[in-house]
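Given chain X, work out where chain S should sit, using these hints.
Taken in order, these protein sequences are the chains called X and S.
If you count by the working numbering, then the first sequence holds residues 170 to 283, one letter each, in order.
If you count by the working numbering, then the second sequence holds residues -7 to 104, one letter each, in order.
No lab work stands behind these hints, which were simulated from the structure alone.
Pairwise CB distance ranges, derived in the manner of DEER restraints:
| # | chain 1 | residue 1 | chain 2 | residue 2 | range |
| --- | --- | --- | --- | --- | --- |
| 1 | X | Arg199 | S | Glu7 | 33 to 43 Å |
| 2 | X | Glu265 | S | Asp31 | 19 to 29 Å |
| 3 | S | Thr10 | X | Asn240 | 42 to 52 Å |
| 4 | S | Leu101 | X | Arg224 | 31 to 41 Å |
Don't be surprised by glycine CBs; every beta carbon is placed ideally from N, CA and C.
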Amino acid sequence: KAGVTQTPRYLIKTRGQQVTLSCSPISGHRSVSWYQQTPGQGLQFLFEYFSETQRNKGNFPGRFSGRQFSNSRSEMNVSTLELGDSALYLCASSKEGSSGNTIYFGEGSWLTVV
Amino acid sequence: SQKIEQNSEALNIQEGKTATLTCNYTNYSPAYLQWYRQDPGRGPVFLLLIRENEKEKRKERLKVTFDTTLKQSLFHITASQPADSATYLCALDPHRGYALNFGKGTSLLVTP
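Here chain X stands alone, though its shape is the one from the complex:
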C-alpha cells in the first residue's frame, strides 16, 4: 500500500511569508501528526489530528497551525516565517494515534527560509 505522502518535498521561502505543507496519510489511517526536525533540537512534536480534531499540541508558537480534512489528509501552515523555521517537517500517520501504535513517517518537506 502507498505510504505517507508529503508535498512539496523542497521549498524556499522568504522571511515574513507563509507556507502550507500537505500530508496524505496511509489509506485507512485517521491519525496524522506533524513534527519539526532541526539539527539543534532534533525531532519535536507539533500537533496531532484525529478525525478532523486536534487532540494534542506541542510547544510551538501560534504561527504554526494545522488542520485535517474529512478524508484524513492534513495540512500545516506556518505564518510570518522566521529564519529559525528552516527545518525538515515530517508528517506521520497511524490508525489510532501514537499511543502504543506503530506510526509511519513520510519523507518530509524541506523548508528553507531566507
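Only chain S this time, still in chain X's reference frame:
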C-alpha cells in the same frame, strides 16, 4: 523537565559485531518506548516498540530492553552489517497520549 538522552557521539563498529545503543530518560513514566531508524534525508522508520511491563523484545537481529527502574532502554543490533549504518532514535510518549518525544539520536557506522 523531561529529558531523553542518547549518546551524541557516533558509534563506529566492525561488521559482524553487536552494536549497543543507549536511551536514558528522566521525569517520564512512559507506557512504552519506541526505536526508529533514520537515514539521511529520509523520514524515520519504526523498528520496535516495548511496553512498560516488558523487559525485552526481539525482532530478527534487533533486541530492545526496557528498565523502568533505571529509566533506560538498550537497543542491540547483532551481527551488524554496513547496511545498518544510520541514525537510531528512541521515542517516548510524554502524556500517555498522542505525541512522541524523541531523543536526538545516535549515529551508527558499521565498517566492513
